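*Asks:* Okay, here's what each chain looks like letter by letter:
Number of protein chains: 2
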Amino acid sequence: MSYNIVEKLDKLFNPKSIALFGASNKIKIGTISLLTILAGDYKGEIYPIHPRDDNILGIKAYPKLKDVPKQVDLAIISVPAKNVPSVMEDCIDNGVGSAVIYSSNFSEVGEEGKRLEEEVIRIAKKGGIRFVGPNCMGIVNTSINLCALMNLTIPRKGDVSMVSQSGTLGTISMINASSHGVGFNKFVSSGNEADLKMEDYIEYLVQDEDTHVIVAFVEGTRNGKRFIDVAEKATESKPFIILKGGTTTAGSTAAHSHTGSMAGSDQIYDALFRQKGVIRANDEQDMVNLIKGFSKSILPIGKNVAIYTSGGGFGVLTSDACEKNGLNVAKLSDETINTLNKILPPFWSHGNPIDITASGGMSFDSRINVESMEILLSAEEVDSVIFMEFNFDGYMEKMLPEIPNEDIKNIMIVATEGGLLDVESETKKIIELKERYKKPMICVNISGTYYGGDKILEDGGIPVYLTTSDAAHVLSKLLYYNEFLNKKRRVIDEEKDMIDIKERITK
Amino acid sequence: MSYNIVEKLDKLFNPKSIALFGASNKIKIGTISLLTILAGDYKGEIYPIHPRDDNILGIKAYPKLKDVPKQVDLAIISVPAKNVPSVMEDCIDNGVGSAVIYSSNFSEVGEEGKRLEEEVIRIAKKGGIRFVGPNCMGIVNTSINLCALMNLTIPRKGDVSMVSQSGTLGTISMINASSHGVGFNKFVSSGNEADLKMEDYIEYLVQDEDTHVIVAFVEGTRNGKRFIDVAEKATESKPFIILKGGTTTAGSTAAHSHTGSMAGSDQIYDALFRQKGVIRANDEQDMVNLIKGFSKSILPIGKNVAIYTSGGGFGVLTSDACEKNGLNVAKLSDETINTLNKILPPFWSHGNPIDITASGGMSFDSRINVESMEILLSAEEVDSVIFMEFNFDGYMEKMLPEIPNEDIKNIMIVATEGGLLDVESETKKIIELKERYKKPMICVNISGTYYGGDKILEDGGIPVYLTTSDAAHVLSKLLYYNEFLNKKRRVIDEEKDMIDIKERITK
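Heads up: the protein sequence lines correspond to chains A and U, in order.
The opening position of the first sequence corresponds to residue 0 in numbering that gives the first Met the number 0, with each subsequent residue numbered one higher.
The opening position of the second sequence corresponds to residue 0 in numbering that gives the first Met the number 0, with each subsequent residue numbered one higher.
Please keep in mind that the hints were generated in silico from the structure rather than gathered at the bench.
Computed from a predicted structure; not experimentally measured.
Mixed in with the good hints, there may be bad ones.
Put simply, identical chains are the same to the list, so a pair is met inside one copy or across any two.
Cut-off 30 Å, straight-line C-alpha distance, at most; resulting in silico cross-link-like pairs (BS3-like, lysine-lysine) [said to hold, decoys possible]: (1) K408 - K10; (2) K27 - K196; (3) K224 - K428; (4) K232 - K7; (5) K69 - K81.
Using the sequences plus the hints, can you model the full thing?
*Replies:* Below, the structure is given as structure tokens:
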């Protein structure tokens with residue numbers, strides 16, 4: 000990508016002014032887009048273009064772009080497909096720098112749409128306008144409070160950036176991750192990629208200082224080689240998470256219909272992803288899980304996991320999940336076991352998983368959990384800890400409708416206060432441990448429902464998952480990426496050594 | 000299993016009176032168990048046994064079991080392990096029929112515990128007492144309002160029954176399924192299985208008329224052959240869902256420590272499960288997903304799926320998930336496409352997945368969704384429908400904290416009322432369609448958060464999942480079980496034919 004394009008994308012993501020085609024005072028996509036821009040608190044100038052109304056949602060509107068007295072940085076276009084070429088011509092006349100085209104009915108619907116799309120490309124090229132879409136849902140840059148999206152989506156601010164070939168999937172994933180405290184910096188729904196491509200955005204994000212984690216939902220690429228090249232550049236400096244859609248014949252056919260892209264062989268992608276250090280997500284939920292893991296957790300330096308649980312079955316399932324994901328259930332040293340013996344009840348499992356049993360969980364002070372976890376984190380044979388916790392309030396909430404007697408309900412609630420494994424009250428101490436020992440801690444909330452305690456853990460850098468398999472899978476990907484980085488560094492060091500030797504020889 | 004044992008288990012699950020050892024007026028496991036029995040609204044007699052207090056939680060208590068004036072059906076024992084033998088002796092003197100032993104510190108902790116466990120077995124055998132546990136969490140029979148559990152768990156009433164080698168995992172799974180409207184009839188946390196085994200419970204549930212779906216969390220079996228035999232009997236008449244823990248070396252080691260069971264080879268289990276029509280769950284979440292699917296949905300008669308979505312990416316991922324799970328993304332006939340053309344916007348995908356696009360989802364009356372789904376269900380080439388819906392309120396709830404301006408928030412909420420894909424208002428019509436066409440419908444709530452609309456769908460027999468992979472996986476298991484039943488029926492028919500021919504020949 001030439002310097003010119005980096006500069007262009009910088010302008011696309013940082014417009015000082017926006018012209019909006021297709022907003023009105025009725026509820027339609029252009030209007031929702033304007034609402035979203037306002038809701039995001041964009042500070043630049045906004046010029047709605049409307050043939051009749053002189054204001055849209057209280058903002059001064061102009062009949063034509065030529066009536067706008069200034070040159071505009073970004074045009075957002077939400078008009079019927081057949082009108083897009085003339086709007087683009089107007090943009091050229093104004094000197095607009097970039098455009099986002101929401102409109103659909105282009106190449107994704109067949110030959111006629113394809114011809115129209117080519118006309119738009121031709122006009123844009125003529126005027127030097129680079130554009131996102133068509134058939135896309137827009138862009139975000141939280142650094143300048145810009146949420147130029149056609150659906151109502153305001154993500155949390157942060158350092159994850161995402162490119163998605165499905166706007167719906169991308170925006171929903173952002174909001175789901177936001178609700179777990181993950182923040183986003185930039186987002187693009189790339190649509191048909193008539194002009195700007197997935198690869199352009201990724202390359203831009205690689206050099207973008209506000210982006211620390213890159214995520215992509217990819218149905219297909221127009222230029223496989225370039226995609227792999229930018230992926231390689233990305234993973235050198237930032238975790239790059241990819242959810243690949245269209246990995247089967249059926250999915251590939253659907254992808255072609257969706258954005259006109261060709262999907263390519265899953266095996267080829269998988270092999271290339273592994274080689275290049277790309278973190279591959281299995282489905283939309285796994286993608287959010289991985290985003291959370293990589294934006295919150297530190298990376299493990301080895302594969303040895305300690306599993307801390309009060310439910311033996313969960314210990315067994317976590318062990319299975321660890322082994323299936325290439326992790327190792329750490330063999331505890333005699334010293335570690337002896338130290339644990341001093342504080343745990345006699346019936347604990349005396350090994351890893353560290354199972355304090357349900358009786359243990361119900362009968363002793365939860366501070367012992369924190370002490371046990373400290374013993375595990377300080378043990379040389381342990382690289383990371385997966386521990387279970389339980390949202391008791393959520394459990395009661397699900398169950399109470401089944402209890403007819405109000406008195407009993409109240410007794411139950413009082414009786415169990417302070418009982419069971421109560422991570423919430425010990426959350427801050429657990430976070431301190433993670434900070435002190437610099438080993439990843441992953442939490443499994445075995446109740447199946449997130450709650451307030453999880454938010455505190457997650458804000459403290461301990462991601463929480465609802466299943467043992469999710470926890471082990473994310474931890475294994477954190478390890479995979481660290482191992483990739485180490486290998487990369489070794490290669491670079493070896494190359495340096497070679498150069499040193501060469502220099503010495505030639506001296 | 001002899002008739003005698005069926006009778007014994009019938010008595011275990013249907014006690015008219017309970018003696019409870021280990022409850023007091025302080026919070027401990029026995030006390031929580033009594034609370035749970037009371038909360039469950041058990042109608043039989045309860046005799047707490049306590050050396051000093053003459054009442055426990057307001058119920059008349061007795062110093063010794065011999066002071067109880069009547070013969071007792073069930074003893075629930077929550078005393079230190081070393082005291083269990085003498086309690087069992089007291090039970091024999093009373094003529095107690097069955098026992099549930101919560102106490103831990105038996106065979107799961109080593110040789111000494113194993114000897115103690117053998118002593119308990121010997122005493123029980125002498126007195127003809129069959130018992131659950133030790134190291135278990137209890138039993139449930141909602142037909143008689145019995146929740147004899149050591150943790151506070153009151154599941155919804157229904158026709159699913161479960162045996163779990165992890166009490167915590169079992170009770171949590173029941174409550175998670177309950178919160179989706181799944182009801183349970185019987186439950187056993189089988190613990191160390193010193194006397195009654197997993198296989199006994201399963202065989203009992205096979206002939207139990209109140210049980211229509213059987214679920215088991217299995218870490219290991221004591222008698223593999225008998226387990227497979229009862230599994231075979233089970234699947235002939237009822238869906239039998241198994242989550243197998245200890246499928247790896249690490250998991251198997253953990254399982255041995257947990258309940259002393261040997262785990263066995265995963266490949267052997269997998270092959271046997273497939274052969275016997277067992278429905279295998281991948282993890283604890285998948286188990287709840289499958290319970291929901293099998294207790295709510297009808298079974299598909301073929302593998303052809305129609306996918307209805309307003310998010311193209313979700314259509315692609317669902318297509319991938321279907322193919323990966325052995326389902327077929329149905330090729331729509333020209334007739335079906337032409338009929339859909341009449342009501343869908345021109346930019347719909349004109350194929351399967353039926354993608355009405357985000358623009359479509361946002362711009363037209365949600366009644367069109369119902370009409371489209373009816374066209375799909377009535378099509379001969381479609382055996383089942385997976386459709387997407389969106390919890391808009393949940394989405395807004397997650398997002399609103401990110402919006403600083405209250406006015407904009409309110410405008411956004413008003414602006415979007417009645418917009419987007421609104422399944423909730425059409426839920427009843429969708430359920431009617433499923434009833435009329437007798438084809439399974441599976442819903443994917445793409446927002447990632449369940450809400451009220453899902454409850455209505457699920458109560459109407461349409462299970463809702465949060466990911467495309469979960470939906471496709473459950474649907475594939477529904478098909479797998481129907482295909483198993485059909486194969487089974489064909490074999491039986493062929494055998495009948497053989498007998499007919501034989502009869503005719505010998506006549």
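*Asks:* So, for every hint listed, does it hold in this structure?
*Replies:* Tested hints:
{"no.": "1", "hint": "K408 - K10", "verdict": "between (60 Å within a copy, 29 Å between copies)"}
{"no.": "2", "hint": "K27 - K196", "verdict": "within (27 Å within a copy, 63 Å between copies)"}
{"no.": "3", "hint": "K224 - K428", "verdict": "neither (48 Å within a copy, 49 Å between copies)"}
{"no.": "4", "hint": "K232 - K7", "verdict": "within (20 Å within a copy, 68 Å between copies)"}
{"no.": "5", "hint": "K69 - K81", "verdict": "within (26 Å within a copy, 88 Å between copies)"}
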